[in-house]
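Here is what each chain is made of, one letter per residue.
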Amino acid sequence: SQQGEEDPQALSIQEGENATMNCSYKTSINNLQWYRQNSGRGLVHLILIRSNEREKHSGRLRVTLDTSKKSSSLLITASRAADTASYFCATGNNDYKLSFGAGTTVTVRA
Amino acid sequence: EAGVAQSPRYKIIEKRQSVAFWCNPISGHATLYWYQQILGQGPKLLIQFQNNGVVDDSQLPKDRFSAERLKGVDSTLKIQPAKLEDSAVYLCASSFMTSGGLETQYFGPGTRLLVL
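So the protein sequences, as listed, match chains G and E.
Reminder that position 67 of the first sequence reads as 67 in the working numbering, one-by-one numbering, no gaps.
Reminder that position 40 of the second sequence reads as 40 in the working numbering, one-by-one numbering, no gaps.
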């Protein structure tokens, strides 16, 4: 079974707007990672946040983690057409395995 | 640095036939993973190798799926016989093992399998 659940399932925004998606999980984690998947391609790692971190930034990406609520959010600021993709959260523990959610499909309209 | 290579990229077979997928991980990556991704879902781990040993194959349908990683480098995943529900993208990923399980996984482009 999949650990993470992303919300919303799909998101459509105008170029230049911000996109926010959320991930909830059930059991305790060591880290949480976000990946992007363009249509028909493999997944690309975006950012990793450790369980003792609350916020992390990478370029136009901002990730938050609330372990008390077992949730994370990914914010993409000033979206571009190239950000159109599916975004997955994945939870990790000390066993070198990741458990992926079902993903959020983001469409950025020109 | 070369990425994770997979072949073939696409495969169409009839049910009950057999199929094999190949993966070449990033050089130096000790851990290799095979995932199954059904349309509209996230990747599901099938098997995890550490060098040439199996770490976790609890989600691998062993009556029809098999995988090996000879010499701790390349890996093959086989399905025999295939069922309609095996239609999916099969993703290979590798990672450099560090302490604490904080490593990033690097994914190949995947093999898209259609079983008719």
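FYI, nobody ran anything at the bench for these hints, they're computed from the structure.
C-beta: ideal position from N, C-alpha, C; glycine also.
Treat the hints loosely; a few may be bogus.
[As the list claims (entries may be wrong)] Here are the simulated DSS-like pairs of lysine-lysine, each with C-alpha atoms no more than 25 Å apart in a straight line:
#1 Lys-26/G / Lys-78/E
#2 Lys-15/E / Lys-44/E
#3 Lys-70/G / Lys-78/E
#4 Lys-78/E / Lys-97/G
[Stated by the list, open to error] Far from chain G, by Cβ distances over 10 Å, these chain E residues were calculated:
#5 Ile-12
#6 Ile-13
#7 Lys-15
#8 Ala-20
#9 Thr-31
#10 Gly-40
#11 Lys-44
#12 Val-55
#13 Pro-61
#14 Lys-78
#15 Gln-80
#16 Met-97
#17 Thr-104
#18 Tyr-106
#19 Gly-108
#20 Leu-113
[To be verified] Chain E is faced by these chain G residues, among others (derived, beta-carbon under 7 Å):
#21 Arg-41
#22 Gly-42
#23 Phe-88
Worksheet item: Is the nearest Cβ of chain G still more than 10 Å from the Cβ of Lys-44/E?
Response: About 7 Å separates Lys-44/E from the closest Cβ of chain G, which leaves it inside 10 Å; violated.
Discussion item. Is the claim that Lys-15/E lies outside the interface with chain G correct, judged by CB distances over 10 Å?
Written reply: Holds, since 24 Å exceeds 10 Å.
Fill in: Consistency of the no-contact label for Leu-113/E, given chain G and a CB cut of 10 Å
Nearest chain G Cβ is 13 Å from Leu-113/E, so the label holds.
Discussion item. Between the alpha carbons of Lys-78/E and Lys-97/G, is the straight-line distance 25 Å or under?
Written reply: Given that 25 Å is the threshold and the Cα spacing comes to 21 Å, the pair holds.
Worksheet item: Would the least Cβ to Cβ distance between Ile-12/E and chain G come out above 10 Å?
Response: The claim stands: Ile-12/E keeps its Cβ more than 10 Å from every Cβ of chain G (closest is about 15 Å).
Practice prompt. With 10 Å as the threshold, tell me whether Thr-104/E passes as away from chain G on beta-carbon distances.
Written response: 5 Å, violated
Item to complete: Please confirm whether Gly-40/E is truly not at the interface, meaning its C-beta sits more than 10 Å away from all C-beta atoms of chain G.
Response: Non-interface label fails for Gly-40/E: nearest chain G Cβ at 7 Å, not farther than 10 Å.
Discussion item. Beyond 10 Å on every Cβ pair: is that true for Gly-108/E relative to chain G?
Written reply: With a cut-off of 10 Å, Gly-108/E comes too close to chain G, as the shortest Cβ separation is near 5 Å.
Worksheet item: Does the claim that Met-97/E lies outside the interface with chain G hold up, using a Cβ gap greater than 10 Å?
Response: Label violated. Min Cβ-Cβ 7 Å, cutoff 10 Å.
Discussion item. What's the verdict on Lys-15/E and Lys-44/E, does the C-alpha distance respect the 25 Å limit or exceed it?
Written reply: 22 Å, holds
Practice prompt. Run the C-beta distances from Val-55/E to all of chain G and say if the shortest one exceeds 10 Å.
Written response: 7 Å, violated
Worksheet entry | Reported absence of Thr-31/E from the contact zone with chain G (all CB gaps over 10 Å) | Non-interface label fails for Thr-31/E: nearest chain G Cβ at 6 Å, not farther than 10 Å.
The earlier numbered hints that this structure contradicts are 1, 3, 9, 10, 11, 12, 16, 17, 18 and 19.
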